[in-house]
Amino acid sequence: KDEEGKLLAASYHQLVAKFREQEGALALSAEQHPDSSKPGARSGEEVPKGLKVWDDAKRSQAGGALKQGAGWIAERQRRGKSDSRWFNVRTWGSWRLAFLL
Numbered sequence: 161k162d163e164e165g166k167l168l169a170a171s172y173h174q175l176v177a178k179f180r181e182q183e184g185a186l187a188l189s190a191e192q193h194p195d196s197s198k199p200g201a202r203s204g205e206e207v208p209k210g211l212k213v214w215d216d217a218k219r220s221q222a223g224g225a226l227k228q229g230a231g232w233i234a235e236r237q238r239r240g241k242s243d244s245r246w247f248n249v250r251t252w253g254s255w256r257l258a259f260l261l
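Here my numbering is used: the first residue of the sequence shown is 161, the next is one more, and so on.
Among these hints, one or two may not hold up.
What the hints assert, rightly or not - No more than 30 angstroms apart at the CA atoms, straight line, and that leaves these computed lysine-lysine pairs for BS3-like:
hint	residue 1	residue 2
1	K212	K198
2	K241	K198
3	K178	K241
4	K161	K241
Hints were generated in silico from the structure; no laboratory data involved.
With the hints as constraints, model all of the structure from the sequences given.
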């Protein structure tokens, strides 16, 4: 972790590669998952409270530039404050690993 408590992707290089290899075509494509509303979650697996998916593939920024972010957001309320961590599938190599993190 860094000083902000964020995971350092470089420290997980072997794990990222293993998940990407194991997931194959499902690794980065939400549409190919059995339930594209919760990519990375297995059939019958519940999505914990505070987790949600984001996908910027179809949203554009000012000037028409396309955003390229997608993944899972983990949010929590603590002592009246909101905190979140974003797990991008391109950083973590697969929807499954982003979901588990």
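Consistency of the hints with the structure:
1. K212 - K198: holds, 8 angstroms
2. K241 - K198: holds, 26 angstroms
3. K178 - K241: violated, 36 angstroms
4. K161 - K241: holds, 22 angstroms
Hint violations for this structure: number 3 only, all remaining hints satisfied.
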